[in-house]
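S.K.: Take a look at the letters that make up each chain.
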Amino acid sequence: NAGVTQTPKFQVLKTGQSMTLQCAQDMNHEYMSWYRQDPGMGLRLIHYSVGAGITDQGEVPNGYNVSRSTTEDFPLRLLSAAPSQTSVYFCASSYQIGYTQYFGPGTRLTVL
Amino acid sequence: ELKVEQNPLFLSMQEGKNYTIYCNYSTTSDRLYWYRQDPGKSLESLFVLLSNGAVKQEGRLMASLDTKARLSTLHITAAVHDLSATYFCAVEYGGTSYGKLTFGQGTILTVHP
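For the record, the sequence lines run as chains A and B.
First residue of the first sequence? That's 1 in the numbering used here, and the numbers climb one at a time after it.
First residue of the second sequence? That's 1 in the numbering used here, and the numbers climb one at a time after it.
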């Protein structure tokens, strides 16, 4: 199993550009989530999904969209990048909520 | 709004000593998670605590949950250098917010010889 994979590892964007961060898992997990981690802060939940076709907002959803058309993939879309979105983004998955979460390696995003 | 507070935020320990990290949260929940993060790396799940009184142990780490006090502890026994990392707790909202996790700020642990 590859576990949870994220692409790209690093990305630099200009203000106003859009992009999609990819997240995939090969463990047939129902629950997937996106977090951002900023210096000196814990992780903050952006969006999450408890199964294909079901998504919900987390603590900091503004400026981000998600969709979950398959069990395996959970892409995060930045609609119009802003410098405040400079962060490290982690995707995670678990069999269901209440089970061990497995985290991807992260994407370091810089918005100029 | 669910608030999760860890203390201490910074912990410098000597090898061989014991210490406890505390995780307090503000609203009712009976699901709590502990994670470890090494510098520049991703997070690794340590424990999942799903009920009042739950206790789990792995090596030199032991976690417990008291839902009535809204408190979880991560106890370190006879610390070794390899335990140096940042430790996070995360609490899951209950009820209609099933699946929504809030993280604490993290505790940076440094173990000295």
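Calculated from the structure, these hints are not laboratory results.
Owing to the predicted nature of the structure, the values given are computational and were not obtained by experimental measurement.
Treat the hints with caution; some may be incorrect.
[Unchecked claim] Once the Cα atoms are required to be at most 30 Å apart in a straight line, the calculated DSSO-like pairs of lysine-lysine come out as:
1) B:K17 x B:K68
2) B:K56 x B:K3
3) B:K100 x B:K17
4) B:K41 x A:K14
5) B:K3 x B:K41
6) A:K9 x B:K41
7) B:K100 x B:K3
8) B:K56 x B:K41
9) B:K100 x A:K9
S.K.: Run every hint past the structure and note whether it holds.
M.R.: Status of each hint after checking the structure:
Between K17 of chain B and K68 of chain B, the direct Cα distance comes to roughly 29 Å. Compliance with the 30 Å bound is thereby established for this hinted pair. For the hint linking K56 of chain B to K3 of chain B, the alpha-carbon distance of about 23 Å falls within 30 Å, and the restraint holds. Between the alpha carbons of K100 of chain B and K17 of chain B the distance comes to roughly 35 Å, so the proposed pair goes past 30 Å and is violated. Note on K41 of chain B and K14 of chain A: the hinted pairing holds, with a Cα-Cα distance of about 26 Å set against a maximum of 30 Å.
For a cut-off of 30 Å, the pair hint linking K3 of chain B to K41 of chain B stands: about 25 Å separates their Cα positions. With a C-alpha separation of about 12 Å, the suggested pair K9 of chain A and K41 of chain B falls inside the 30 Å cut-off, and the hint holds. Between K100 of chain B and K3 of chain B, the direct Cα distance comes to roughly 13 Å. Compliance with the 30 Å bound is thereby established for this hinted pair. Distance check on the hinted pair: K56 of chain B and K41 of chain B sit about 24 Å apart at the alpha-carbon level, within 30 Å; holds.
A distance of roughly 25 Å separates the Cα atoms of K100 of chain B and K9 of chain A; the hinted pair therefore holds under the 30 Å criterion.
The structure is inconsistent with hint 3 alone, although it conforms to all the rest.
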